[in-house]
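For reference, the chains in residue letters:
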Amino acid sequence: MAIREAIRDGADKTAQASSFPLIHCRGLVKVYPLSGVEVHALRGVDLEIKQREMVAIMGPSGSGKSTLMNIIGCMDKQTSGDYYLNGVDVSKLDENGLAATRNANLGFVFQRYNLLARATALYNVELPLFYAGMAGAEAEAKAMAALDQVGLHDFSQHWPNQMSGGQQQRVAIARAIVKRPLVILADEPTGALDTVSSKDIMEIFQKMHREHGATVVVITHEPFVADFCQRKVVIRDGQIISDDQVPNWHDV
Amino acid sequence: MAVKFSILSDFAVRALKANKMRSFLTMLGIIIGVGAVVLMMSIGQGTQAQVMANINRLGTNMLMISPGASGQFGVRSGTTNTMTLKDATAIAKLDGVAGVAPTVRTSGLVTYGNQTWTTSATGTTPAVVDISSLTVAQGRFFDDTDVQSISAVAVLGQTVYTNLYPNGANPIGTEIRIKNVSFRVIGLLQSIGAGMGGNDQDDVIYIPVTTAQIRMSGITNQAINMMQVQVASKEQMDSVQNAIETLLRTRHRLAATAADDFRITNMAQIQETAASVTGSMILFLASVAAISLIVGGIGIMNIMLVSVTERTREIGVRMAIGASRQDILSQFLLEAVMLSLLGALLGIIFGIGGAKIFAFFAKMAAPISISSILISVGFSIVVGVFFGYYPATRAARLNPSEALGYE
Ligand SMILES: Nc1ncnc2c1ncn2[C@@H]1O[C@H](COP(=O)(O)OP(=O)(O)OP(=O)(O)O)[C@@H](O)[C@H]1O
Ligand SMILES: [Mg+2]
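If you read the protein sequences in the order shown, they are chains H and S.
The first sequence begins at 1 in the working numbering and counts up one residue at a time.
The second sequence begins at 1 in the working numbering and counts up one residue at a time.
Rather than coming from a laboratory, the hints here were simulated on the basis of the structure.
Please read all numbers here as calculations on a predicted model, not as lab measurements.
Using N, Cα and C, we set each Cβ at its ideal position, and we do this for glycine too.
Just so you know, not all the hints are guaranteed correct.
[Stated by the list, open to error] Listed below are several chain S residues computed to face chain H (Cβ distance under 7 Å; list not exhaustive):
1. Ile321
2. Pro400
3. Ser401
[Claimed, not checked] Straight-line distance between alpha carbons at most 27 Å, and here's what the computed DSS-like set of lysine-lysine pairs gives:
4. H:Lys92 x S:Lys93
5. H:Lys232 x H:Lys199
6. H:Lys77 x H:Lys92
7. H:Lys207 x H:Lys232
8. S:Lys4 x S:Lys20
9. H:Lys50 x H:Lys77
10. H:Lys142 x S:Lys17
11. H:Lys142 x S:Lys4
12. H:Lys142 x H:Lys77
Here chain S stands alone, though its shape is the one from the complex (with noise of 0.2 Å):
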C-alpha cells in the first residue's frame, strides 16, 4: 500500500532542493560535527603513533637506571656518583640481560681546524649501537678493544658533523678536539631526528666510556650517569628489574632499612601509560566532537518542526490526492536522513581535509581511521532518524481538512 522508496526518495530529495540555503544551514551542524569527530580521531591517534613511536626509538625492553634515591614528586636527592664501571659488568651478566651501555656525559666544546661546536660527549660501550638503534654510515663504531684500550677515538652524529665539516669533507680518520683532548673519528652515524622533547638526537658524539670516565675528567674513574639495560623479553622485565635491585643493594652494601641509592625506571611502564593517557586524549577529543554531533541533530529538529509548520497546506494537499500517513510520515522522515547523510558526506571530505592540512604543517602523520568515518555515519543516521522522528509523527497526525484550511 505504501509508495516504493523511489518516489518518495524523490519527494524528499526535491523538498530540499526546494529551499537548498536552509537545507544546507540545516546541514552545517553535522557537517561541523563529523568533520570534527573524523578531524580530532585523526589528530589524536596521529599523536598517539608519534608518541609511541618515540618512546620505542628509546627502547621497549628497557630499564633505565640512574644513580641517586627517588624523593618525593620524583626528584633525585642524595649522592650521585654511586654506579660504577663495574656495577654495569655485573648487570651485564644477570640473567636475561641482552646488553647494558653505562653512559657518562660530558659537554663542552668541540673543534674541528678552525670550526667549533659546543655540544656533549657520551661515554658508553658498543652495546648502545643496538639499545639506541643506532645505525653507522660511514666508517666504524669503537668496539670493546677500543673500550679496554682507552682509545681516543669518537663516532660523530649528523649534526655534530654538519657543524664541523661545513664543505662535506670525509670525516674519517680527521682529529678533533673534545675539550682539548685529541680524539681520532672512526664512524659517522645515520640521522635520526627529534626526540620526544624536540632535542636533536644526532647532536652527539660517542666515545668509550674507559676514555670519558679516565681521560674527560679531572678525577679518575669518574661514576657511571645512567645506565641503559636492554632486556631479552617483555616478559622478563619485571624480574630483570628486581634482580638488578637486589644485585645493586648488594653491591652497594645498602642495610635493609636504607633506601635505595639509584633509581630504575621501566620503560615498558611509560608506555602503556602513555598509550593510556594518549587514548584517553582520543576518547575525549572524540566525546567532545560528538557533542556537536548532537547539536547538530537538534538543529535539524529546529529546523524539520518549523518546516512542518511552513508546510502544513502542502501536506494537507498531498493527503488530498492520496498520500497516506505512512507516506508522509516516511517522506519527512527520509528528508531529516538526507540532511543528517549528506551532512556527514561533507562532514567526512572536510574532515580528511582538515586531518591532510594539519599533517602538513605538523609535519606528522594524521591517518584516516576507516573507525571513525564508520562511526559518524552510523551516528548520523541515527541522529537524523531520532532527531526527524518527532517532526514527522507531526506532520503524519495532521488531519487533511485541518492541514487545507490552515493559513
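The shape of chain H in the complex, shown without the other chains (with noise of 0.2 Å):
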C-alpha cells in the first residue's frame, strides 16, 4: 500500500510541474542469457517520458522493444542501469510492491488482447478492481464506466469470442484503464487489427491523452499508427537511434 501511495503522491505533486519525468531510464541494459548465448536485448537505453506525453516507440524487430516495455511495465527487472517511475527506484521494490504497482499505475495493452476467454467484458475490465480488494456494486460501475469510454457499454454481457478482434481490443484497453493508471502501456496494440479498426483504437488512446491526461506509450511497427503520437521513439539494436516530435500530430 505504502509504495502505491508514493508513487500516487509524487504524480500528484508532479501534475503541477509536469517536467519532472514520469518515466525515467538511465543505461538501461538487459542481457538475456539464452542457452548458452547471451543475447544482449538493451545496450544502454537513456529515455524520459514525462507526464501527458503520448509516446509511440518503433523499430524492427527484435530491436528491444518488448524488453523494453517489459522494464517499464515492472514485468521484468534490467540486468543493469537505473529505472524511476515517478521517482520510485523499481528495483527497490519487493513482488508484492511489484504487483501492486502495476496494479495500481501501470495500465497495460497487448497485441493479442489477452482477455479471459470464460468471461464476460465487464468481468474481464473488473478483474483489475478485485486484484485491488474491490468488489461488488463499487467494481461494476466503474468497469461500466471504463466500458463507456471506449463504446461498449451494450457489450457488458459479451464473451470475448462474440466480439471483433477491434471490440476485444477496446476491452482490453477498458480494463487497462479501469484504475486511472499513471501511464498505458501498449505493446502493437494494432498489431492484429485492419486499418479502420486501428484508427478506432489510437482514436481512443488519443481521447484518453486528451481529456485524462493519460501518459501512453505504444509500440508499433506502422506509421500511420505512429503519427498518432505526438512523439517517435525510435529503437534499433536495443539503443535509441532517434526520439522526435511529430510534426503534423493529430491531436487537436
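Each chain sits in its own coordinate frame; assemble them with the hints.
Structure follows, in C-alpha cells:
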C-alpha cells in the first residue's frame, strides 16, 4: 500500500510541474542468457517520458522494444542501469510491491488482447479492481464507466468470442484504464487489426490523453499509427537511434 | 496486501466452472476414495456389530463344556460319554456360577396329528431360559419339578410350531410325538431369528434333561452332550473356569498326567478374539479405501499441472494487471482444495447411499459413523493441499513477461 501511495503522491505533486519525468531510464541494459549465448536485448537505453506525453516506440523486429516495455511495466528487471517510475527506484521494490505498482499505476494493452476467454467483457474489466480488493456494485460501476469510455456500454455481457478483434482490444483498453493508471503501455495494440479498427483504437488513446491527461506509450511498426503520437522514439539493436516530435500531430 | 479470500475463492470457483467436465473427472478419484472409505467403514462396523450381537446372544459370561479331549486343530477325540448330570449339579454349587444348563440332544421325527417335522429336541434344565435368553410367548417353561419327575412335557420354538400347526391353532395342552414318545406341549417360545452360522434358532424343542436321558435314548442315563455355565461376572470367568477344571478332573478321577476328558470354551475369549478380528478387518478395508484417496490426490496434481501449463498466458495476464505471486499461489491451491472438498462431499453422499443399499440387501445395519466422515473430509483437505501445492508453486513462480509471451 505504502508504495502505491508513494508513487501516487509523487504523481499529484508533478501534476503542476509536468517537466518532472514520470518514466526515467538511465543506461538500461538487458541481457538474456539464452542457452549459453547471451542475447543483448538492450544496450544502454536513456529515456525520459513526462506526464501527459503520448509516445510511439518504433524499430525493427528484435530491436528490444518489448523488452524495454516489460521493464517500464515492472514485469521484468533490467540487468543493469536505473529505472525510476515517478521518482521511485523500481529495482528496490519486492514482488508484492511490483504487483501493487502494476495494479495501481500501470495499464497494459497487448497485441493479442489477452482477455480471459471464459468471462464477460464486464468481468474482464473488473479484474484489476478485484485484485485491488474492490468488489460488488462499486467494481461494476467503475468497470461499466470504463466500458462506456471505449464505446462498449452495450457489450458488457458479451464474451470475447462474441466480439470482433477491434472490440476485444477496446475491452482490453477498458481493463487498462479502469484504475486510472499513471501510464498506459500498449505493445503493438493494432498489430492484429485492420486499418479502420487500428484508427479507432488510436483515437481512443488520443481521447484518454486529451480528456484525462493520460500518459501513453505505444509500440508499433506502422507509421500511420505512430502519427497519432506526439513523439516518436526509434530503437535499433537495443539502442535509441532517434527521438523526435511528430510535426503534423493528429491531436488538436 | 494479498487479495481477500472471498475474491480469490470466486476466481477459483470460476476457473473450476469454466471446465466442468474436467473438474468432475478430476474429482472422481476423490469421490470414489471417500465413498469407499465411508462405505467400507460402515459395512465393517455393521458386520462387527452383528458378530458381537450374535456372540452376546450365546451369552457373554459363559463357559461351554463339551466332553472329549481337545486334540490337535481342536478336533475332539476320545470318549464322549464322560459328562453326567451329577457333574452339572456339582458345577452349579461352585462359587461364581449363576446357572448351569446341561443339554442332551436327540434328533428325529416330530408329529402332531398328520403333520410331521424333523428336528432335534434339546433336553435341558430351566436354567437355559436365562442362559439362552429365551422368552416364553405362551404357556410356561418346564420347572425343576418337571425335571425331577421326568415329565413328558415340551416347549416349542416358532419354526417347529408353524410347521406342526400350519393353521395357527393353540398348541398348549396338545399332544405331540417326538421319536414316537408322546409329549404334552406346555409352552411356546418367542422368535429369536437366525444365529451366527445362519442356523435357525427357532427350530428347537426343549424337554426336561432327565426325560431326554431316560425316555428318548435306548440306553438309560445317556451322557450329557454339552453344558452351558453362566458365570456371575466377567471378572470371575477365569477362576470359575479353573475351578470347573479341577472339579471335573477330580470327579472323573483323572491321573495327574492324563489329559482332560472335557473341553471348556470361554465365550469371553471368543468375544475378544472376534472383536479384534473384525476390528482389523475394518482397519484393512479402510486402508484399502484410503489408498484410493491418495490415488485420487495424484489425479488432482496431474490435472492441476496440466492446467497451470495451459493457463500460463492467463497467469501472465493476471500478474500484469496486479496479481501478486501470493494471489496466484492461493488461487491454484484453492482450486485444488475445492476440488478435493467437493469430491469428498459427493463421496460421502455416494458412500452413505451405498451403505443404505448394502444394509437393505444384506438385511443388516450399516451405521454411518461421524468419525469416518470427519476423517475422510480431513484427509481430502490434506490431499488437496499436499497435491495442489506443487502445481500452485509452479504457477506462482512464473515470470510475468515470459508467461505472457508463452505460446
Ligand atoms: N525471454 C527471452 N529470453 C531470451 N531472449 C529473449 C527473450 N525475450 C526477448 N529476447 C530476445 O531479445 C531481443 C529483443 O526482443 P524483443 O521482444 O524486445 O524485440 P521486439 O523489438 O519487441 O521485437 P518485435 O517487434 O518482433 O516484437 C530479441 O533478440 C529476442 O530474441
Ligand atoms: Mg515485441
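Status of the hints after comparison with the structure:
1. Annotation: S:Ile321 was flagged as interfacial toward chain H, and the flag holds, the nearest CB pair being 4 Å apart, inside 7 Å.
2. Interface restraint check: S:Pro400 against chain H, minimum CB-CB distance 4 Å, threshold 7 Å, status holds.
3. The restraint placing S:Ser401 at the interface with chain H holds, with a minimum CB-CB distance near 4 Å, inside the 7 Å limit.
4. Taking the CA atoms of H:Lys92 and S:Lys93, the gap is near 96 Å; set against the 27 Å cutoff, the hint is violated.
5. About 17 Å separates the Cα atoms of H:Lys232 and H:Lys199, which keeps this hinted pair within 27 Å; it holds.
6. With a C-alpha separation of about 11 Å, the suggested pairing of H:Lys77 with H:Lys92 holds against the 27 Å cut-off.
7. With a CA separation close to 19 Å, the supplied pair H:Lys207 and H:Lys232 stays within the 27 Å bound.
8. The straight-line distance between the Cα atoms of S:Lys4 and S:Lys20 is roughly 25 Å, inside the 27 Å bound, and the hint therefore holds.
9. A C-alpha spacing of about 21 Å is found between H:Lys50 and H:Lys77, which places the hinted pair at or below 27 Å, so the restraint holds.
10. Note on H:Lys142 and S:Lys17: the hinted pairing holds, with a Cα-Cα distance of about 26 Å set against a maximum of 27 Å.
11. At most 27 Å may separate the alpha-carbon atoms for a hinted pair to count; H:Lys142 and S:Lys4 meet this at roughly 19 Å.
12. Our distance criterion of 27 Å between C-alpha atoms is broken by H:Lys142 and H:Lys77, whose separation comes to about 31 Å.
Comparing the model with each numbered hint stated earlier shows that hints 4, 12 do not hold.
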